[in-house]
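So the sequences go chain by chain: A and B.
Going by numbering that gives the first Met the number 0, the first residue of the first sequence is number 0, and it counts up by one from there.
Going by numbering that gives the first Met the number 0, the first residue of the second sequence is number 0, and it counts up by one from there.
These aren't lab readings, by the way, just hints derived from the structure by calculation.
Certain hints may be false.
[What the hints assert, rightly or not] With the Cβ distance kept under 7 Å, some of the chain B side facing chain A (calculated, not the full set): (1) 58; (2) 73; (3) 80; (4) 84; (5) 151; (6) 155; (7) 183; (8) 196; (9) 197; (10) 199.
[Said to hold, decoys possible] DMTMM-like cross-link-like pairs, simulated, lysine to aspartate or glutamate; straight-line CA separation at most 25 Å: (11) B:186 / A:103; (12) B:186 / A:124; (13) A:90 / A:69; (14) A:303 / B:77.
[As the list claims (entries may be wrong)] Partial selection, computed: residues in chain B whose CB lies under 10 Å from chain A: (15) 100; (16) 105; (17) 126; (18) 180.
What you are looking at is a predicted structure, and each value in this text was computed from that prediction instead of being measured.
All C-beta atoms, glycine included, are put in the ideal place defined by N, C-alpha and C.
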Amino acid sequence: MPQEQWTLRRSLSGESVSYGIQRGIRFQILSDEDLDRIHWGTLHILEKVGVQVDSPTCRKLLKENGCETDEKSRSAKIPSHLVEEALRKKKSAITLAARNPKYDARLDMNHSYMCANGNGAVAIDFETGERRNSTKKDLVDSTTICDALPNVHVHWPMVSSTDMPPSVVHLHDLEASLNHTEKHVMYETGVTLQDAKDLTAMGYAAAGGEKEYRRRPITSCLQCTYAPLQHDAGVMDASLEFARSGVPLVFFCMPQPGATGPASMVGSVVVGNAEVLSALVMTQLSTPGAAVIYGLGIAPLDMKTTVRAGGSPEHAICSAMGTEMAHYYDMPSCVGVSGTAKEPGIQAAIETYTGCVGPLLAGADLMCGIGLLEDSSCLHLEQVVIDDEIVGAIARLIRGEWACDDTLALDIIEKVGIGNNYLAQKHTMQYLKTDHFMPTLMDRRSEDNWSKTGKKSMKDAAREKTKKILAEHKVPPLSDDVNRNLAAIIDQAKKPLWGGESKVQ
Amino acid sequence: MEEIVTRLKNAVINYEMETIADLAKQIVDQGIDPLVAIEEGLAEGIKTVGEKFGKGEIFLPELVMGAESMKAALAVLEPAVPQGQARKTLGKVVIGTVQDDIHEIGKNLVSTMLSSNGFEVIDLGVNVQAADFLKKAGELKPNILAMSALMTTTMPRMGEIITPLKKENPSVKTIVGGAPVTDVYAKEIGADEYSGDASGAVDSAKKLVG
């Protein structure tokens, strides 16, 4: 019996309380030979082509450890033994701790966790329906909703507080997130060394000090690499600082097949893999044993509209392959889903479903990207609630089934006999709780009853649920002391509106 | 003469990237006016390609290959244009991605679309400092300065450029774009135009020079 099913049975029989999505079945896209070929192909690219490393600090680090670097092109060729060494030093199981420990996300290859999308800059006003720049209030509302939803397990700040001073928008995003959810907060991204210091200081403050934070990191950072084969200076300097400070990292690659990666999906996985592995090499050279999650979100550029095709089947298949690559390296994966729909509805539902079901079936550890539309740009609060329901259905789909005495239920079948029903059996109630998915938005009533109550659409139901959550769900805020500390960090980081924000090396 | 200029036009339409430079050389060798070749051959060819793309008849790689073909021929024809003459364009656009931002694909698409619609485009690349944008605007006196930012953290840099530009070179108009940029934001920072995608940028540019 697969390991996953043992874990699952233990948890279903109440032996351990478990958070996240239980995985009982898995499909495989890449064969072992395919995985080997992608790995060796990536090593070949890293040695022969290399990557562009804009940070002088990182280039120096690579050079001192045997890489061939070129100051003019800012590139570094990475020998395979360094990749192998980094893979030996890295962590395999990473726990994203939460302010409330019942929400700890243990990325242990046996569970999947979901998080909403992040860093949108536009929102549909919930009251007026107006499409406008996102505000800190939108972030507070969406964070509260994510805290309440059962199928959103880890939190990303969904939109930017664009009504705050530009230099500290991301710090306000983190502050609002920490105060309005008890779940783990993963922010994207730290783009300068000072950013990393400020974001880390806020994490330490919220956790109750550095020591407590290092034991239970309640924040983490997702850092993007730049396709093809580039590492931004500020992002990598910040990454090394995060690693030194005990902040778990995701290196998230996003080549777009046909544009910033080969048009073949596997070719783009090679480009992305080279980016993630080279970032891992730098991090492990600087801080051996640093917690790094393998991140990948590869969606083609739509060649008719020039929009990134989030929500495409290719996006899903790449996220599935990214997960398989991560597991090949014994690393947890963080992979993407998104949609290009402009409003909640049929297209958005198809995109979320397609985008989530593939990677989750392939065993994604952390899936990020539900809730925003227009390919990760625009927040519709109702969509977050609808997507939560979609993930709930998929979670049931991938849980797994097995035949044991209890599920075979031969004794019950014998007891009920021929022509009778199972409604009055205790076995029925027991399995109703564990085996029957109960929708909260999908309407299964008869047409008669549906008509009588105003023929409400699923979006109407989502709107009602959203209203109810906003009115009733209360999240305990951080203590006044902690909030004073956070405010002081933000205040100190604030810079004049124009100028003075440059990060000249 | 007409025949070879038509062949040049078709070479753009059929993306003959590898051989179009040879054709352009033949045109120069035959003593045909390079300006005629550029305007009746290349410009007409890329216009056709751009229109087909706009109608959804061809895909982006085909548009890019058409533009690359045009570039390869221009490299041969432009040096042959007699001193004092210049090809007719809709206007001059200086374009780049702002400082600390190295996203270039959107910006490149806008460049390609603008070139294929008859603009002269000077591409400053990515991670362009505010001072460099301003310097180039002063030197080249473009009709339009186009800026791209793909991160909420780099978006404010566009404002840092527009404010001094209005003082130093008030005749230069501005277009901003990039994933997090919105029309509301563009207005806030004083940009003349905003566009959400590459074809929108062409409409904006035409509006500004029209």
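Here is how each hint holds up against the structure:
1. Interface restraint check: residue 58 of chain B against chain A, minimum CB-CB distance 4 Å, threshold 7 Å, status holds.
2. Interface restraint check: residue 73 of chain B against chain A, minimum CB-CB distance 23 Å, threshold 7 Å, status violated.
3. The interface hint given for residue 80 of chain B is violated, since its Cβ lies 32 Å from the closest Cβ of chain A, which is over the 7 Å cut-off.
4. Because the beta carbon of residue 84 of chain B sits about 35 Å from the nearest beta carbon in chain A, more than 7 Å, this interface hint is broken.
5. Given the 7 Å rule on beta carbons, the hint for residue 151 of chain B holds: about 5 Å separates it from the nearest Cβ of chain A.
6. The beta carbon of residue 155 of chain B comes within 4 Å of a beta carbon in chain A, closer than 7 Å, and the hint placing it at the interface holds.
7. Of the supplied interface hints, the one on residue 183 of chain B holds, with its beta-carbon coming within about 5 Å of a beta-carbon of chain A, less than 7 Å.
8. For residue 196 of chain B, the suggested interface contact is upheld, since its CB lies about 6 Å from the closest CB of chain A, less than 7 Å.
9. A distance limit of 7 Å between C-beta atoms decides the matter here; for residue 197 of chain B the minimum to chain A is near 5 Å, and the interface restraint holds.
10. Checking residue 199 of chain B against chain A: minimum C-beta separation of about 10 Å lies over 7 Å; hint violated.
11. With a CA separation close to 43 Å, the supplied pair residue 186 of chain B and residue 103 of chain A exceeds the 25 Å bound.
12. The straight-line distance between the Cα atoms of residue 186 of chain B and residue 124 of chain A is roughly 19 Å, inside the 25 Å bound, and the hint therefore holds.
13. As the CA atoms of residue 90 of chain A and residue 69 of chain A are separated by approximately 30 Å, the hinted pair breaks the 25 Å bound.
14. Our distance criterion of 25 Å between C-alpha atoms is broken by residue 303 of chain A and residue 77 of chain B, whose separation comes to about 31 Å.
15. A hinted interface residue such as residue 100 of chain B counts as satisfied when its beta carbon comes closer than 10 Å to some beta carbon of chain A; here the least separation is about 9 Å, so the hint holds.
16. A hinted interface residue such as residue 105 of chain B counts as satisfied when its beta carbon comes closer than 10 Å to some beta carbon of chain A; here the least separation is about 8 Å, so the hint holds.
17. For residue 126 of chain B, the interface hint holds, the least distance from its beta-carbon to any beta-carbon of chain A being 8 Å, beneath 10 Å.
18. At its closest, the beta carbon of residue 180 of chain B sits 8 Å from a beta carbon of chain A; the interface hint therefore holds under the 10 Å criterion.
Checked against the numbered hints given earlier, the structure breaks hints 2, 3, 4, 10, 11, 13, 14 and satisfies all the rest.
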